[in-house]
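A.B. asks: Below, each chain spelled out in residue letters.
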Amino acid sequence: MNIVVCVKQVPDTAAQVVVENGQVTWGDAPLVINPWDEFAVEAALQLAKEHGGSVTVLTMGDESAKEAIKHALAMGCKQAVRIEGPADADTLVTAQVLAAAIQKIGDVDLVTFGRQAIDGDNGVTPAMVGRFLGWPVFSLSATIPEIADGVVTVQRATEEGRQVVEGKLPAIFSFGKDIGEPRYPSFMGIRKASRAKVPVWTLDDLGLSALLPAVSWPEVMNPPKREITTEIIEGDSPADIAEKLADKIMAEKVL
Amino acid sequence: MDFNLSEEHRMVQKMVHDFAQREVAPIIKEWDRKQDMAPFILPRMGELGILGICIPVRYGGAGMDYVSLGLACEELEAVDTTLRVVMSVHTGLCSMTLLQWGSEEQKQKFLVPLAKGEKIGCGAFTEPGAGSDFAHIRGSARREGDYYILNGEKMWISLANKADYAMVTMRTNPNAEKASRGLTSFIVDLHSPGVTRGDIHGKLGVRAGSTGWIHFQDVRVPAENRIGEEGEGFKITMSAFDNGRYTVAAGATGLIRAALEESVKYARERQAFGSPIAQHQLIQAKIARMAVDYEAARLLYLQAGWMKNAGSRNTRQTSAAKWFATDASFEAASEAVQIHGGYGFSDEYNVERYLRNSKGAVIYEGSNEIQRLIQASYALGWRTDKPLRRELPPYDPDFWQEEA
Amino acid sequence: MSEKIWVYVDQFKGEALPASWEAVHAARALAENLGGGVTALVFGQGVESLAQTAIHYGADEILLADDSTLADYRGEAYAATLAKLASEGKPQAILFPTTTRGRELAAMTAADLKVGVMPDVTALEVQDGRIVATRPVYAGKLLAKVVSRTDPQIFTLRVRAFGKPALDESRTGTVTSVEAVLSEEEIPTRVVNYLQSEGGVSLTDASVIVSGGRGTSNNPSLTPPPDITDEKEQEIWRAQQGFKLIGELADTLGGAVGASRAAVDAGYIPYSHQVGQTGKVVSPDLYIACGISGAIQHLAGMRTSKVIVAINKDPEAPIFKVARFGVVGDLYDIVPALNEAMKKRLGK
Chain A
1 MNIVVCVKQV PDTAAQVVVE NGQVTWGDAP LVINPWDEFA VEAALQLAKE HGGSVTVLTM
61 GDESAKEAIK HALAMGCKQA VRIEGPADAD TLVTAQVLAA AIQKIGDVDL VTFGRQAIDG
121 DNGVTPAMVG RFLGWPVFSL SATIPEIADG VVTVQRATEE GRQVVEGKLP AIFSFGKDIG
181 EPRYPSFMGI RKASRAKVPV WTLDDLGLSA LLPAVSWPEV MNPPKREITT EIIEGDSPAD
241 IAEKLADKIM AEKVL
Chain B
1 MDFNLSEEHR MVQKMVHDFA QREVAPIIKE WDRKQDMAPF ILPRMGELGI LGICIPVRYG
61 GAGMDYVSLG LACEELEAVD TTLRVVMSVH TGLCSMTLLQ WGSEEQKQKF LVPLAKGEKI
121 GCGAFTEPGA GSDFAHIRGS ARREGDYYIL NGEKMWISLA NKADYAMVTM RTNPNAEKAS
181 RGLTSFIVDL HSPGVTRGDI HGKLGVRAGS TGWIHFQDVR VPAENRIGEE GEGFKITMSA
241 FDNGRYTVAA GATGLIRAAL EESVKYARER QAFGSPIAQH QLIQAKIARM AVDYEAARLL
301 YLQAGWMKNA GSRNTRQTSA AKWFATDASF EAASEAVQIH GGYGFSDEYN VERYLRNSKG
361 AVIYEGSNEI QRLIQASYAL GWRTDKPLRR ELPPYDPDFW QEEA
Chain C
1 MSEKIWVYVD QFKGEALPAS WEAVHAARAL AENLGGGVTA LVFGQGVESL AQTAIHYGAD
61 EILLADDSTL ADYRGEAYAA TLAKLASEGK PQAILFPTTT RGRELAAMTA ADLKVGVMPD
121 VTALEVQDGR IVATRPVYAG KLLAKVVSRT DPQIFTLRVR AFGKPALDES RTGTVTSVEA
181 VLSEEEIPTR VVNYLQSEGG VSLTDASVIV SGGRGTSNNP SLTPPPDITD EKEQEIWRAQ
241 QGFKLIGELA DTLGGAVGAS RAAVDAGYIP YSHQVGQTGK VVSPDLYIAC GISGAIQHLA
301 GMRTSKVIVA INKDPEAPIF KVARFGVVGD LYDIVPALNE AMKKRLGK
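Chains as they are written, first to last, in the working numbering: chain A, 1 to 255; chain B, 1 to 404; chain C, 1 to 348.
Treat the hints as calculated values from the structure; they're not laboratory data.
Here a beta-carbon is modelled for each residue, glycine too, at the ideal position from N, C-alpha and C.
Careful, some of the hints might be misleading.
Claimed, not checked - Just some of the chain B residues that point at chain A, by a computed CB distance under 7 angstroms:
id, residue
1, Glu8
2, Glu47
3, Gly49
As the list claims (entries may be wrong) - Calculated lysine-lysine pairs in the BS3-like style (CA-CA distance at most 30 angstroms, straight line):
id, chain 1, residue 1, chain 2, residue 2
4, A, Lys248, C, Lys343
5, B, Lys34, C, Lys313
6, A, Lys244, C, Lys321
7, A, Lys104, C, Lys306
8, A, Lys225, C, Lys343
9, B, Lys265, C, Lys164
10, A, Lys49, B, Lys265
11, C, Lys280, A, Lys253
12, B, Lys116, A, Lys78
13, C, Lys164, A, Lys225
14, B, Lys265, C, Lys313
15, C, Lys145, A, Lys244
16, C, Lys244, B, Lys34
17, C, Lys114, A, Lys168
18, B, Lys265, C, Lys306
19, A, Lys253, C, Lys348
20, C, Lys313, A, Lys225
21, B, Lys34, C, Lys232
22, B, Lys116, C, Lys232
Stated by the list, open to error - Partial pick of chain B residues on the chain C-facing surface, computed with a CB cut under 8 angstroms:
id, residue
23, Glu269
24, Tyr343
25, Glu348
Please model the complete structure; the sequences and the hints are all you need to start from.
C.D. replies: As structure tokens, then:
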């Protein structure tokens, strides 16, 4: 089984991300693999182990994207491809590029994604890639897909609970936390990853040219400082504090 | 000259960091209060390959280098000293001594399960009456046919109560001309008849770990478990300390970093006299000291690790790193408590645990007084290192990573 | 291009999610501004009544695709129909609620039409005839203005960001039935069944959330039952007593129970309750944080709540920095007392 996992490089979740002089910056916080993508890698590796086959890491980004690739390789993926994509790509462009790359890799049975990247917080790329490839999409898969005779069954997380869906491969999946904690890289994986040569494909290699993003960000701002004056409620006893706090909550008229 | 860590090193660092932060940091306070080691720690560290990090793959290890061992220790002790202590005794004192001095058969039999984390090892050297004065230990080993009969008491032994194997040094020749020449080392199965052991409670620090005593009463140890030759025990023990001290130095560096990070965070948040206390110069002075001590300690241990990789004798450098880093970590933890004021004095914050934990390392694996004497005798030209019959093998990536 | 604003009504088993009406509300406001009408898309089987409700909430026209192939939401079937309608009807914009289905369908439709998509926006405005949206990025650490050069402009609207319209039963509108595009054979997936989640109010829809953190296990005076001997199990048992108190307060307030990542990671409560950067991003009217210190990742998931109340033993906990009201105290004392006090006031 040929599995592709798409990953992205993002600032660490603990980073203080701010806008300075119109530019987004996260100081010296490290770039890491998008945390949701670790679940996608985990799912891909479990599927490869269960059904045989190998996992290819795919990413679009500049040289700095290699941390994400290496992390996925160190977790156990066999090989990787980096696509030197346009810096101003939106999800429409990204999805077309990834779809073309998946086609170029060839004979892919299954593609896994994290539910969203924690920088743009879009969460739409997996579904868009699915449409560009004409493959079924199982967004927010909550279980490792079961596969028998080319038919895949998976539970998807929805507002109302789980939707159990089946469909045919090849298919696209996105994953969140429901599948369990992703593994750490192994030491052997780390050695292999640090030595891996990652081929770089350009848009030319994919037969793509002049991809214009549809969505732009004319302005990025720090969120308005909410002037919060914290009022500490004190009292003689928990009951006394609770009475005072209840009055304050009622006065806010949010109930 | 290149002061950058390799990509491989950075990935090792992150992996161990993630393990310690995600799995241990949230629960460490409770276990420290309980004065016990969380039961998942040893199996998990084994499963992740951390216990055998710098042991060649052919001997069941993860096949990384000695610098990786140091980096792992730094990350582990940044969360809790007890995690690093595991590396000091299991990996440093026991496994690496087998790697350096053990025969091929001994490596296959003992090092492989240790490196895989299937068995736990410790180092049993210190006695109730002999620590710094190690040449005068009293525990004895008497040859009887194909066996040695061990008698004696070992004290302040980390993982005494958890380990399966111990690297033990005993006196085989009470009449040796020089006391240090009468010692011999053994790898001992602690499940043997005649071994009793227990934990010591009421310690100042490293409470979430296991520190104890091991009593040997006519314990029969097969002669093939002797490490090296009769009379080589002192040298073997000292080279065990070259490795143990290295892990202590790297770990203490992690403790300085943790104290620094907590202090910086608190100093930025805590207000006094109308501004964050970080604005106050006396607080800045403490933070500056910690920051520079961290850098210096780190360079010292990385130098020692680099020398180990190269196969250069590093007794002097390792001793210097251990002395400097552990003194600085005690100082940093103490200042971190000071910066936290009253809150630092309670276990709501981590810094009081750092302070309690940091004191031990100033004492064990060669007290810092001993380290000073070692440094002085090198500087005065009274001490030179003679080549050992068996040196710690230099790190050779091909040999390390080849399957057996 | 028409000046029409389209809006997708997300429903499950014939019941619209409240966020759908918020989207209709937002569509109405845009249409007033641009001088066009609001067309609501109602897809499903046996969902005619939703068409009327959509009109009562502010839609002028309904495109109703009522078909057995649309009985269960399947992105492939819904997107094919929606994309075809949009390429014929040429709306200026299509709004979706940011529900799991809404986000996926918006993405698929955008791909089919080869246009941009702007998910999870919190504000919409019109500038020079184009719609400019505001959306939180980097988990709300920043806000971005976003605009698409392609039409239709596709947005999904963050739940609870746009307010619910008033129901006006006197409103009238037209309902046009449309065909589903794919036959059953052409749809690549099949819904086998549904597994219910364990009740309670959904976090993203909740107007009140009461959350617990690691502090929930911090009550040494509780004695676990003797059959629980494992230390970890005992700790989880303690935490569950804390979450019981939190649940009772949430019930009184008609709210949902949330949790910090630390509490979820420690096994105190299932992941579906996690609020934060790698959990759910929520914005209720009232957020009560009990025993949560307020790691940056948690704050990123709840800091836009209207009123935040923090209950924590540690006066230095960062959660107090974002709180309107704070109580420095033990949640085991304060939460039950607050529950009683609120019950009195709410007549429960």
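A.B. asks: For each hint, tell me whether it holds in the structure or not.
C.D. replies: Here is how each hint holds up against the structure:
1. Glu8: holds, 4 angstroms
2. Glu47: At 10 angstroms from the nearest chain A Cβ, Glu47 (chain B) fails the 7 angstroms test, so the hint is violated.
3. Gly49: holds, 5 angstroms
4. A:Lys248 x C:Lys343: holds, 15 angstroms
5. B:Lys34 x C:Lys313: holds, 21 angstroms
6. A:Lys244 x C:Lys321: holds, 20 angstroms
7. A:Lys104 x C:Lys306: violated, 49 angstroms
8. A:Lys225 x C:Lys343: violated, 34 angstroms
9. B:Lys265 x C:Lys164: At roughly 42 angstroms apart (the allowed maximum being 30 angstroms), Lys164 (chain C) and Lys265 (chain B) break the hint.
10. A:Lys49 x B:Lys265: violated, 43 angstroms
11. C:Lys280 x A:Lys253: holds, 25 angstroms
12. B:Lys116 x A:Lys78: holds, 24 angstroms
13. C:Lys164 x A:Lys225: holds, 26 angstroms
14. B:Lys265 x C:Lys313: holds, 19 angstroms
15. C:Lys145 x A:Lys244: Between Lys145 (chain C) and Lys244 (chain A) the Cα gap is close to 41 angstroms, so the pair fails against 30 angstroms, i.e. violated.
16. C:Lys244 x B:Lys34: holds, 26 angstroms
17. C:Lys114 x A:Lys168: holds, 25 angstroms
18. B:Lys265 x C:Lys306: Given that 30 angstroms is the threshold and the Cα spacing comes to 27 angstroms, the pair holds.
19. A:Lys253 x C:Lys348: holds, 17 angstroms
20. C:Lys313 x A:Lys225: holds, 26 angstroms
21. B:Lys34 x C:Lys232: It holds: about 12 angstroms lies between the C-alpha atoms, which stays within 30 angstroms.
22. B:Lys116 x C:Lys232: Satisfied, since the Cα-Cα distance of roughly 26 angstroms is no more than 30 angstroms.
23. Glu269: Given a least distance of 7 angstroms, the restraint on Glu269 (chain B) holds.
24. Tyr343: holds, 7 angstroms
25. Glu348: Since chain C brings a Cβ to about 6 angstroms from Glu348 (chain B), closer than 8 angstroms, the hint holds.
Figure legend: structure checked against the earlier numbered hints; hints not met, in rising order: 2, 7, 8, 9, 10 and 15.
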